[in-house]
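Visitor: Make the full structure from the sequences, and use the hints.
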Amino acid sequence: MRHMDEGVLQAWLDGPRAGLSEQERAAVEEHLALCAECAVKVAALRASTVAVRGLLVPAGELEEIPDFSTVEARARTLGRGGPSDQSKSVAVWSRPRSRMIPIGWAASVLVALGAGWMANELSRGAGEPTVVQAAAPAAEAAEDALPPVEAEVRRTMQAEANVPREQAATVEGAEAVAPTPLFRPTSETRARQPQSSRRLAVEGRVTDAASGRPLRGAQVYLRGTTWGSLTNADGRYLIMLDEAPDSIEHGMTLNVDLIGYDQESRSLALGDAGTSVGDFQLRQTAIALDEIVVTGSAQKLERRALGNAVAIASASPAPAQAGVAQPIPVSGLTNGSLSWRAVVRADAEDLIGFPPRFVPGLDVLSVETAQVDGAPVLRVVQSLEGGGRLRLFQSLRAFELDNDAEAGVAAAESEGGVFLLGQAPLPSDAIRALLERARDGSS
Amino acid sequence: MKTDWEAVYRTTYREVVGFLAGLLLDHERAKDLAQEAFARVLGHEADNPRGLVFRTAANLARDEARMVVRRKRHLKLLKVEEGARADGVASPWKELESKERAEKVRAALETLSETDRQVLVLWNAGFDYGEIAERTGLSRGAIGTTVARAKAKLVRACSAEEGIDAAHG
Numbered sequence: 000m001r002h003m004d005e006g007v008l009q010a011w012l013d014g015p016r017a018g019l020s021e022q023e024r025a026a027v028e029e030h031l032a033l034c035a036e037c038a039v040k041v042a043a044l045r046a047s048t049v050a051v052r053g054l055l056v057p058a059g060e061l062e063e064i065p066d067f068s069t070v071e072a073r074a075r076t077l078g079r080g081g082p083s084d085q086s087k088s089v090a091v092w093s094r095p096r097s098r099m100i101p102i103g104w105a106a107s108v109l110v111a112l113g114a115g116w117m118a119n120e121l122s123r124g125a126g127e128p129t130v131v132q133a134a135a136p137a138a139e140a141a142e143d144a145l146p147p148v149e150a151e152v153r154r155t156m157q158a159e160a161n162v163p164r165e166q167a168a169t170v171e172g173a174e175a176v177a178p179t180p181l182f183r184p185t186s187e188t189r190a191r192q193p194q195s196s197r198r199l200a201v202e203g204r205v206t207d208a209a210s211g212r213p214l215r216g217a218q219v220y221l222r223g224t225t226w227g228s229l230t231n232a233d234g235r236y237l238i239m240l241d242e243a244p245d246s247i248e249h250g251m252t253l254n255v256d257l258i259g260y261d262q263e264s265r266s267l268a269l270g271d272a273g274t275s276v277g278d279f280q281l282r283q284t285a286i287a288l289d290e291i292v293v294t295g296s297a298q299k300l301e302r303r304a305l306g307n308a309v310a311i312a313s314a315s316p317a318p319a320q321a322g323v324a325q326p327i328p329v330s331g332l333t334n335g336s337l338s339w340r341a342v343v344r345a346d347a348e349d350l351i352g353f354p355p356r357f358v359p360g361l362d363v364l365s366v367e368t369a370q371v372d373g374a375p376v377l378r379v380v381q382s383l384e385g386g387g388r389l390r391l392f393q394s395l396r397a398f399e400l401d402n403d404a405e406a407g408v409a410a411a412e413s414e415g416g417v418f419l420l421g422q423a424p425l426p427s428d429a430i431r432a433l434l435e436r437a438r439d440g441s442s
Numbered sequence: 000m001k002t003d004w005e006a007v008y009r010t011t012y013r014e015v016v017g018f019l020a021g022l023l024l025d026h027e028r029a030k031d032l033a034q035e036a037f038a039r040v041l042g043h044e045a046d047n048p049r050g051l052v053f054r055t056a057a058n059l060a061r062d063e064a065r066m067v068v069r070r071k072r073h074l075k076l077l078k079v080e081e082g083a084r085a086d087g088v089a090s091p092w093k094e095l096e097s098k099e100r101a102e103k104v105r106a107a108l109e110t111l112s113e114t115d116r117q118v119l120v121l122w123n124a125g126f127d128y129g130e131i132a133e134r135t136g137l138s139r140g141a142i143g144t145t146v147a148r149a150k151a152k153l154v155r156a157c158s159a160e161e162g163i164d165a166a167h168g
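Heads up: the protein sequence lines correspond to chains D and B, in order. For the first sequence, numbering that gives the first Met the number 0 assigns the number 0 to the initial residue and increments by one for each residue that follows. For the second sequence, numbering that gives the first Met the number 0 assigns the number 0 to the initial residue and increments by one for each residue that follows.
Wrong hints could be hidden among the right ones.
[What the hints assert, rightly or not] Computed list of lysine-lysine pairs in BS3-like fashion (alpha-carbon distance at most 30 Å, straight line):
| no. | chain 1 | residue 1 | chain 2 | residue 2 |
| --- | --- | --- | --- | --- |
| 1 | B | Lys152 | B | Lys98 |
| 2 | B | Lys103 | B | Lys152 |
| 3 | B | Lys152 | D | Lys40 |
| 4 | D | Lys40 | B | Lys103 |
[Said to hold, decoys possible] Okay, the calculated bits of chain B under chain D, using three or more residues with CB under 8 Å as the criterion:
| no. | stretch |
| --- | --- |
| 5 | 2–10 |
| 6 | 17–23 |
| 7 | 33–43 |
| 8 | 116–124 |
| 9 | 133–146 |
| 10 | 150–156 |
It should be emphasised that the hints constitute simulated quantities derived from the structure, not laboratory data. Just so you know, these numbers come straight off a predicted model, no measurement behind them. From the three backbone atoms N, C-alpha and C, an ideal C-beta is built for every residue, glycine too.
Guide: Shown next, in the form of structure tokens:
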């Protein structure tokens, strides 16, 4: 006896959806009646079916079911705004875009809704399946507990339901402005959502008042709260709150902001499980930008005593400061503008503040002083061995050579902070050598 | 009689999530697409509402399939993070448990071949053999065998996962 293929057994287990023919089914059953081995296979297949089912369906207590309102809200954005990538093969439900619903359609929907709801109400409640009217009072009594919007919807449905069906379906000229319920919560949903919880959904579209173009990126928010959303490329927005605060129980103000447009705001009323629609047309505003004036004020530079060294490098010459000696320019010493006064060698030190320097071995011809910029300068003239004279300027202030390489002039600093400048008809090097020989004359 | 989509939603949502998670190997995305599927069928009349939801979900999943390779790579990166951020507000433990379980099943499904997985998930969702064959490109006669094989594989893979867990624990 040929054993049954596992696939065939599985198909047999799956019943009609496997689409086995009558003969095939009969063959399997005949075989199973005789073959214990294949019966075991079937049992194993059944067991694995149970196991797989358990694995592939998230366990109830572990997988929260989001509230149905999220699906409804999504359906609305789907139908009204619509993602552009709606796949062809997927059945896509479009809500009518316009608030006006084709009359025939609306009437039939209302009837269908009403009838459905009535049937529900009847089967669940009174258990009196006879007349439609019988359920109406009960519904009315329940109405008090309902939020206004819903109550209105129910009233409408009830009214429609009371009209005989054929008649309602052919009503002509009736204003089809009744709010079509997006979804009528069953009593079970209502029980899950006590009246105190205020779910809130606001949706709408923001367009340019002039062109009618949708405006993207507009900020829509409930005034006085941080709740809001941005419009999408189609100008649509959706604000959903699981629990609205007390402050907006009786209504709310919606603000719309977008750069380049005047701010719009509008009050919207809503019921508990309310959905509100707020469409906005924004007017463009000429954006006025204030002139920008940059002002600055000159301020003194302040050096503060910080732990860090603050150094300022300046390109300009440092200003003259009291107590800080400026170098004496050589040109000022030799151009004859100074009045030199002869002094006694013994007095020289008192006048200039240091013992005068002399080059030993050279005859001293004269010792004179003069004031240069308020500083005393001593000039000692000595005769050179080879003829000519050495003028030896001495000061506590440095001498400034116009040019280091200038012939006949050399400068040096000797001990005691005394600056020397020699002038002689000699090369600079020779003069510098003489300066080095110059010593305190008193020693 | 108008289809009571909310009732269908309440009774079918979890199954649809499991179904999509099986096809996409991405639990979070599955939840999202499950909502999408319900949003799309909402308002339609259907003799078999459940079937319509699953068919819509399957189509969404197929449209998604183009990006599957890319997402898989991305997921591998995300998986590491996911464990780290236990951001459940209400019930972090449940959340974690749910994620762990979903992750385990996902890992087991990943060991199946693409075809086996698709067949198994579609079969589990109640599609008939003809439609499964059409969607997967297999012959109708091969469906039963594939289902039987895939079931066994998945169960084995899952117990292997458990085994690893036990060894670690």
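Visitor: Now, for every hint given, state plainly whether the structure supports it.
Guide: Hints versus structure:
no.: 1; hint: Lys152/B - Lys98/B; verdict: holds (22 Å)
no.: 2; hint: Lys103/B - Lys152/B; verdict: holds (14 Å)
no.: 3; hint: Lys152/B - Lys40/D; verdict: holds (15 Å)
no.: 4; hint: Lys40/D - Lys103/B; verdict: holds (27 Å)
no.: 5; hint: 2–10; verdict: holds (count 6)
no.: 6; hint: 17–23; verdict: holds (count 4)
no.: 7; hint: 33–43; verdict: holds (count 9)
no.: 8; hint: 116–124; verdict: holds (count 4)
no.: 9; hint: 133–146; verdict: holds (count 8)
no.: 10; hint: 150–156; verdict: holds (count 4)
The structure is consistent with each of the numbered hints, conforming to all of them.
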